[in-house]
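Colleague: From first to last, the protein sequence lines stand for chains A and B. Just so we're aligned, residue 0 is where the first sequence starts under numbering that gives the first Met the number 0, counting upward by one. Just so we're aligned, residue 0 is where the second sequence starts under numbering that gives the first Met the number 0, counting upward by one.
Errors might be hidden in some of the hints.
[As the list claims (entries may be wrong)] List time: in silico SDA-like cross-link candidates among lysine to any residue, alpha-carbon distance up to 20 Å:
no.: 1; chain 1: A; residue 1: K186; chain 2: B; residue 2: L253
no.: 2; chain 1: A; residue 1: K353; chain 2: B; residue 2: D238
no.: 3; chain 1: A; residue 1: K356; chain 2: B; residue 2: S347
no.: 4; chain 1: A; residue 1: K247; chain 2: B; residue 2: L58
no.: 5; chain 1: A; residue 1: K228; chain 2: A; residue 2: L189
no.: 6; chain 1: A; residue 1: K247; chain 2: A; residue 2: G342
no.: 7; chain 1: A; residue 1: K272; chain 2: B; residue 2: S347
no.: 8; chain 1: A; residue 1: K356; chain 2: B; residue 2: T176
no.: 9; chain 1: B; residue 1: K75; chain 2: B; residue 2: S347
If you're looking for bench data, these hints aren't it; they were derived computationally from the structure.
What follows is the residue order along each chain.
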Amino acid sequence: MILRNIKKRTIIVLVAIVLIFPLMLTGCWNNRDLTEMNIVVGIGLDRTEDGKVLLTVQIVEPASVQSVPSGKDNKGNAQSKAVFVVSHEGETVFEAVRGILSTIDKKMFLSSSRVLIFGERLLQGDLEEVLDFFHRDHEMDYGMDILAAKDTTPREILAMETDMDSIPAVYIRETIENTVARGTVKKTTLVELIKDLESGTRQLTIGKITKASEKEVRTEGVAVLKDGKLVGWLDPYETRGYLFAIGKVQSAIVNVPTDNGKISIEIIRTNGKVGVVFENGEPSTLTIKVEIEANVGEYAGKGKLKSQDDLHVLEETLKEEIKKEIMMALEKTQKEYSSDIFGFGIYVRKYHAKYWKKVKKNWNDIFSKLPVDIQVDAKIMRTGIIKSTMSGDE
Amino acid sequence: MVKTQISKIQLFMLLLGFLFGSTVIMTPTVGAKNDGWLAILVGGAAGILLMGVYSAIALLNPSKTLVDILMERLGKVAGNILAVLYIWYFIHLASLVFRDFGEFICTVTFPETPMIVVIGLFAVVLLYAVNSGIEVLGRLSELLVPIIPIVIFIIGLSLISVHDFTAFLPILENGITPVLKAALSFLTFPFGETVAFLMVFPHLNKKEKLKKVVFLSAGIIILAGTVIFFRDISVLGSDLMARATFIPHLTSLLIPGLNVEPLVDINLLIGGGIKISVCIYAASKALCQIVGIDDYRTMTGAITTFCVVLSIWVHESTLDLFSWSEKVWPYYSIPFQIVIPLLLLLLSLRRSKSSNKKEKSLKG
């Protein structure tokens with residue numbers, strides 16, 4: 000009898016414990032539902048004139064994204080915007096992030112942010128100061144794209160309404176992704192920025208974003224930084240030269256002039272490497288080696304590609320063309336900006352560690368004075384599904 | 000008391016889990032920066048030797064625990080004092096691992112959850128495991144430890160596209176001193192900590208396999224450590240690596256388009272859990288042997304509670320924990336991990352020689 004009673008009691012206790020456990024398994028302490036968060040898709044950072052941090056966030060309204068364009072939302076009102084944009088000032092980034100809560104309703108969820116846009120004024124100051132928060136906070140997505148706004152402010156870009164995508168930040172990110180096919184803007188992620196910022200072996204570059212029209216942005220070119228401060232910009236062709244040199248071009252169209260017309264060559268595979276030649280313990284020349292595989296994409300003119308020799312001639316001109324682009328980028332960074340964005344410093348640090356320790360502080364000056372040797376190896380593989388132009392046959 | 004036994008595979012997995020322990024999130028060789036791999040190799044080689052010493056002690060004193068050996072070799076008074084110190088050391092070690100675990104979870108996963116809750120809940124589970132006996136721990140690790148290398152493999156593979164394979168250059172940028180310091184760190188954490196296994200070795204059913212098991216597990220840890228190091232440095236680069244709080248966690252964040260962060264948490268749960276369990280087991284068992292209690296389970300509850308409290312008290316913040324485990328821990332551990340075991344080995348060798356002689360003279 001007693002035994003049975005005890006058994007019963009233990010069973011009741013066990014059941015009670017089992018029932019209590021689910022309470023602990025519901026998730027983390029500060030569990031928040033999706034409906035209690037503001038989902039941030041884009042962040043803009045700038046400085047105000049009196050040196051404060053100006054934070055702009057683009058927050059997505061999930062209910063409006065789902066509904067059909069130009070429809071009505073579930074309350075019967077006219078279509079509300081899919082995103083809204085809010086700005087706030089603060090002494091530090093984190094203060095601004097929290098301070099923004101005085102104007103918006105729910106706490107912000109930053110992990111979903113796709114792009115981070117820096118304003119020109121902010122870049123002219125010290126980037127390190129504002130980047131620390133993004134590095135330290137555990138909610139940040141290290142793969143977030145970084146952009147530098149030229150001739151406009153981050154707020155203007157984030158507040159832009161586009162027809163391409165209901166969420167502008169997603170649209171901006173997609174245009175950067177397209178660089179895979181054109182190689183005119185550098186895709187910079189947060190982690191790359193953090194990696195290079197303090198090492199001093201490679202100066203930073205950040206993809207450039209400008210306003211193309213009222214409803215469109217343009218991502219082309221890069222901002223060149225030196226020791227965390229903006230020193231200038233590269234145009235799309237210089238950017239491509241720069242990307243060729245560091246091996247970041249995946250595909251691109253290069254125009255090559257010929258005797259009778261122009262040929263557009265599609266680069267399909269490239270590989271670039273930088274190095275430094277040392278003589279007697281001192282650097283003597285910078286070297287850039289680029290390997291290219293390409294196809295003929297378009298022949299705008301009256302000509303014919305008859306034999307292997309024609310292709311060899313074409314290869315030579317292609318090499319020259321690419322060399323020119325690399326040279327443009329290099330000369331500008333050497334002469335105007337004196338900023339080693341190519342990462343020659345990385346090479347020196349890795350293979351000439353002792354010398355690097357000596358010159359770490361003024362490497363950029365040394366870099367600016369070194370001559371360069373560019374070697375391009377181009378191979379044209381195919382000419383597409385036709386051999387000659389339509390009027391090319393005599 | 001029923002004689003409990005574990006198989007060689009179970010011991011192997013226990014050792015492996017113990018060695019992975021918090022090493023999977025805290026990188027003891029971080030002080031050596033680019034040359035961490037050298038530190039791993041040097042420290043690992045020394046670690047194998049050290050673990051060889053432990054297994055030799057266990058083989059020379061078959062079916063005796065650390066406490067028995069201490070008593071027998073050093074006499075009652077000194078043996079008791081040292082045994083109490085060892086108990087303190089195991090408790091301290093367990094509470095440190097608790098703290099590592101708590102700091103990690105509170106930094107990266109649940110920043111607003113009080114650490115005491117994280118550690119406390121973990122402790123309840125581990126207490127249950129320890130109370131179930133060393134056999135259960137063995138079977139548990141047999142089941143769970145293989146997950147750790149699989150996770151390391153998955154993370155390494157998914158990062159293959161962002162690797163920079165020459166990132167570990169230049170070699171010996173800052174000279175040999177930081178490498179040796181880091182090697183010492185790696186020797187004491189995790190290899191030297193396996194001194195706690197002197198309480199577990201007597202349970203092995205096939206004694207002759209002990210050395211093989213020990214060396215194999217140490218070898219695998221060195222291999223895994225090297226792989227993890229090259230993975231981390233080729234993804235993060237040396238500067239970012241030196242700045243990160245939890246290096247493998249940061250690495251796992253960088254996998255493009257995939258979030259495998261919880262996998263690192265799982266690794267820590269398994270490795271850290273086994274490490275803490277073994278430490279608590281060793282401490283309770285030793286304490287019971289000193290005061291003459293038959294069943295070690297009477298002590299586990301008290302010791303676990305003490306560990307949890309100690310883990311909260313012992314350090315003020317993450318930075319304190321890190322600088323302490325990097326600067327003080329190696330030296331603090333040396334007597335427990337190296338000096339006393341070497342002394343025991345010498346004494347055991349002498350005793351066994353003299354007993355051999357005695358036997359011979361008796362036979363003669």
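Colleague: For each hint, tell me whether it holds in the structure or not.
Modeller: Hint-by-hint comparison with the structure:
no. : hint              : verdict
1   : A:K186 <-> B:L253 : holds, 15 Å
2   : A:K353 <-> B:D238 : holds, 18 Å
3   : A:K356 <-> B:S347 : violated, 52 Å
4   : A:K247 <-> B:L58  : violated, 59 Å
5   : A:K228 <-> A:L189 : holds, 16 Å
6   : A:K247 <-> A:G342 : holds, 13 Å
7   : A:K272 <-> B:S347 : violated, 61 Å
8   : A:K356 <-> B:T176 : holds, 17 Å
9   : B:K75 <-> B:S347  : holds, 16 Å
Checked against the numbered hints given earlier, the structure breaks hints 3, 4, 7 and satisfies all the rest.
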